[in-house]
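Residue numbers (this note's numbering), protein chains in the order written: chain A, 333 to 413; chain B, 131 to 535.
No lab work stands behind these hints, which were simulated from the structure alone. Worth double-checking, as some hints may not be accurate.
What the hints assert, rightly or not - With a Cα cut of at most 27 Å, we get these calculated DSSO-like pairs of lysine-lysine:
no., chain 1, residue 1, chain 2, residue 2
1, B, K188, A, K341
2, B, K188, A, K364
3, A, K341, B, K252
Stated by the list, open to error - Short derived list, chain B residues pointing at chain A, Cβ under 8 Å:
no., residue
4, R193
5, S194
6, T242
7, V243
8, D254
9, T256
10, G259
11, A392
As the list claims (entries may be wrong) - Here are a few chain A residues that face chain B, going by a calculated C-beta distance under 7 Å:
no., residue
12, A347
13, E351
14, L372
15, S373
16, V375
17, D376
18, V378
19, D382
Each residue gets a CB set at the ideal place from its N, CA and C atoms; glycine is no exception.
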Amino acid sequence: MNKQELIAKVNAVLAEEFEVDEAIITPEANIKQTLELDSLSLVDMVALIDNEFAVKIPTTELSKLQTFEALYNYLEEKTNA
Amino acid sequence: MKRVVITGMGIWSCLGKSLDEVRDSLYTGRSGIILDPERKAMGFRSGLTAKVEIPDLKKELSRSQRAYMPEQAKYAYCATVEALRNAHIDQDYLDKHDVGLLYGNDSSADPTVRAVDTIREKHDTTLCGSGAIFQSMNSTVTMNLGTIFRLRGINLTVSGACASGAHAIGLGALLIQTGLQDMIVCGGAQEVNPFSIGSFDGISAFSVRENEPEKASRPFDRDRDGLVPGGGAATVIIEEYEHAVKRGAPILAEVLGYGFSANGEHISSPNVEGPSKSLRMAIQRAGIDIREIGYINAHATSTHVGDTNEAKAIYNVFQNQRTEVTSTKSQTGHEMWMAGASEIIYSMLMMKNDFIGANINFENPDEDSAKLLIPNKRIDKHFDTFLSNSFGFGGTNATLVVRNM
Numbered sequence: 333m334n335k336q337e338l339i340a341k342v343n344a345v346l347a348e349e350f351e352v353d354e355a356i357i358t359p360e361a362n363i364k365q366t367l368e369l370d371s372l373s374l375v376d377m378v379a380l381i382d383n384e385f386a387v388k389i390p391t392t393e394l395s396k397l398q399t400f401e402a403l404y405n406y407l408e409e410k411t412n413a
Numbered sequence: 131m132k133r134v135v136i137t138g139m140g141i142w143s144c145l146g147k148s149l150d151e152v153r154d155s156l157y158t159g160r161s162g163i164i165l166d167p168e169r170k171a172m173g174f175r176s177g178l179t180a181k182v183e184i185p186d187l188k189k190e191l192s193r194s195q196r197a198y199m200p201e202q203a204k205y206a207y208c209a210t211v212e213a214l215r216n217a218h219i220d221q222d223y224l225d226k227h228d229v230g231l232l233y234g235n236d237s238s239a240d241p242t243v244r245a246v247d248t249i250r251e252k253h254d255t256t257l258c259g260s261g262a263i264f265q266s267m268n269s270t271v272t273m274n275l276g277t278i279f280r281l282r283g284i285n286l287t288v289s290g291a292c293a294s295g296a297h298a299i300g301l302g303a304l305l306i307q308t309g310l311q312d313m314i315v316c317g318g319a320q321e322v323n324p325f326s327i328g329s330f331d332g333i334s335a336f337s338v339r340e341n342e343p344e345k346a347s348r349p350f351d352r353d354r355d356g357l358v359p360g361g362g363a364a365t366v367i368i369e370e371y372e373h374a375v376k377r378g379a380p381i382l383a384e385v386l387g388y389g390f391s392a393n394g395e396h397i398s399s400p401n402v403e404g405p406s407k408s409l410r411m412a413i414q415r416a417g418i419d420i421r422e423i424g425y426i427n428a429h430a431t432s433t434h435v436g437d438t439n440e441a442k443a444i445y446n447v448f449q450n451q452r453t454e455v456t457s458t459k460s461q462t463g464h465e466m467w468m469a470g471a472s473e474i475i476y477s478m479l480m481m482k483n484d485f486i487g488a489n490i491n492f493e494n495p496d497e498d499s500a501k502l503l504i505p506n507k508r509i510d511k512h513f514d515t516f517l518s519n520s521f522g523f524g525g526t527n528a529t530l531v532v533r534n535m
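Looking at chain A on its own, in the form it has when it is part of the complex (with noise of 0.2 Å):
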């Protein structure tokens, strides 16, 4: 998967998942505030992509993951791993 896909494919789940435009999905978009997302439903996306991408975001290193930019450069580099 190249990187192109890899965004497509988090686009993707994230707003099937979290019900929202995938549209609104943009790079410099905070995550949290694009998703909705409270403690708990960060929980879910976790799961999410672990069951997607099999890649485990420790909960140390989800509060570096402002914005989808990081996320989707932290899963090339856990994917290509």
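Place chain B on chain A using the hints.
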């Protein structure tokens, strides 16, 4: 003591997804029982079950609200929306009054099993997701309904096995009688997934008449061979009488008496004394003569010992009174935690529409059921007072007496 009335009802069951649908099913004697191939593939002794559709609430509730709801909370939500609407209660009213919530529920197996499977497979609890804890707890129905409808009165789940729903209504009535609450949303909910009753199947409690699913649940019949599990949810809005009059509510019936007892004996085999005591207490507290009772909705689940002992208990109390007795479980299977509430609604629908639905599949009586008047065909008859029994594992018993208004 204050008077307690019923001002709204709602239901989601194998007989229908609204009061009208359920009334029609009761009238025609339609069975809600099917054979589920998935259960046979899972190794069940009996694949029989009630067929209950899980509602899609995507349009009604947000993702975060739905994330905490197991199937039985979804059934309870639909039943409660219908009951509140029929009681002429809107969100504005709920926001301005301290409305209580007492709901029967005694398991939440599916989310529990799924979370444990995730922990075992992934060795990471985060991957259970945010909803698992709220879906798994026994109080899941009351925590979900309480937050969705923003209720601020008493908020408790009543776990009394297969008498949970009846105890919820009875305990709610006591809180209203003593003036502690003006209105309480009461009911019972029951999950239908295979995990919830797999171990119940394991003790050979279920009918194996798989070649005739609609004939499998046959309470009081000589050839009954066990119960059929069912489920859904039923909501009854109970309210203090003067309060209901003051707000111009539709007053449907009065909860006259709540009786209860415990057998204090075997964990699964009921006796005769405990249920008899519960019946007598409900009638005594109702302050009526048994001749006023025009219909008895029996607990009878289609098990040998349960139906026999209930028949004896009813005969003990009613003797030769010959009041019509039926078990609506002949159509619904055993709705367990929900049954005590749903059977109040089934009885109410019959009372309001002047009929007693057939105890379907009652073809041949046994020695004890022969002493009771059990119609196997619908009777068109007016009655104004009924009694409903609910008994559960551990020997818990509940009886409610309700009068038409």
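query: Does T256 of chain B pass the interface check with chain A, least Cβ-Cβ distance below 8 Å?
result: Constraint on T256 of chain B satisfied, holds at 5 Å.
query: How about E351 of chain A: closest beta carbon in chain B under 7 Å, or not?
result: Holds. Min distance 5 Å.
message: Just to be careful: measuring from the Cβ of D376 of chain A to every Cβ in chain B, is the smallest value less than 7 Å?
response: Holds, because the Cβ-Cβ distance from D376 of chain A to chain B comes to roughly 5 Å (cut-off 7 Å).
field: Residue hint S373 of chain A, partner chain B, criterion CB-CB below 7 Å
entry: Since the shortest Cβ distance to chain B is 6 Å, the answer is holds.
task: Using 7 Å as the Cβ threshold, decide whether D382 of chain A counts as touching chain B.
output: holds (6 Å)
- request: Please verify that hint: V243 of chain B, Cβ, nearest Cβ of chain A, below 8 Å or not.
  value: With a closest approach of 17 Å, the V243 of chain B hint is violated.
message: Against the 27 Å threshold, does the CA-CA distance of K188 of chain B and K341 of chain A hold or violate the hint?
response: holds (23 Å)
- request: Go through the hint on S194 of chain B and say holds or violated, using the shortest Cβ distance to chain A against 8 Å.
  value: The hint holds - S194 of chain B has a Cβ within 8 Å of chain A, the shortest such distance being about 6 Å.
field: Hint check, G259 of chain B versus chain A [nearest Cβ-Cβ separation less than 8 Å]
entry: holds (5 Å)
message: Quick check on the hint: V375 of chain A CB to chain B CB, less than 7 Å?
response: holds (4 Å)
field: Interface hint for D254 of chain B, Cβ within 8 Å of any Cβ on chain A
entry: holds (6 Å)
- prompt: Against chain A, with CB atoms and a cut of 8 Å, does the hint on T242 of chain B hold up?
  reply: Check failed: Cβ of T242 of chain B comes no nearer than 17 Å to chain A, outside 8 Å.
Violated hints, listed in ascending order, are 6, 7, 11 and 12; each of the other numbered hints is respected by the structure.
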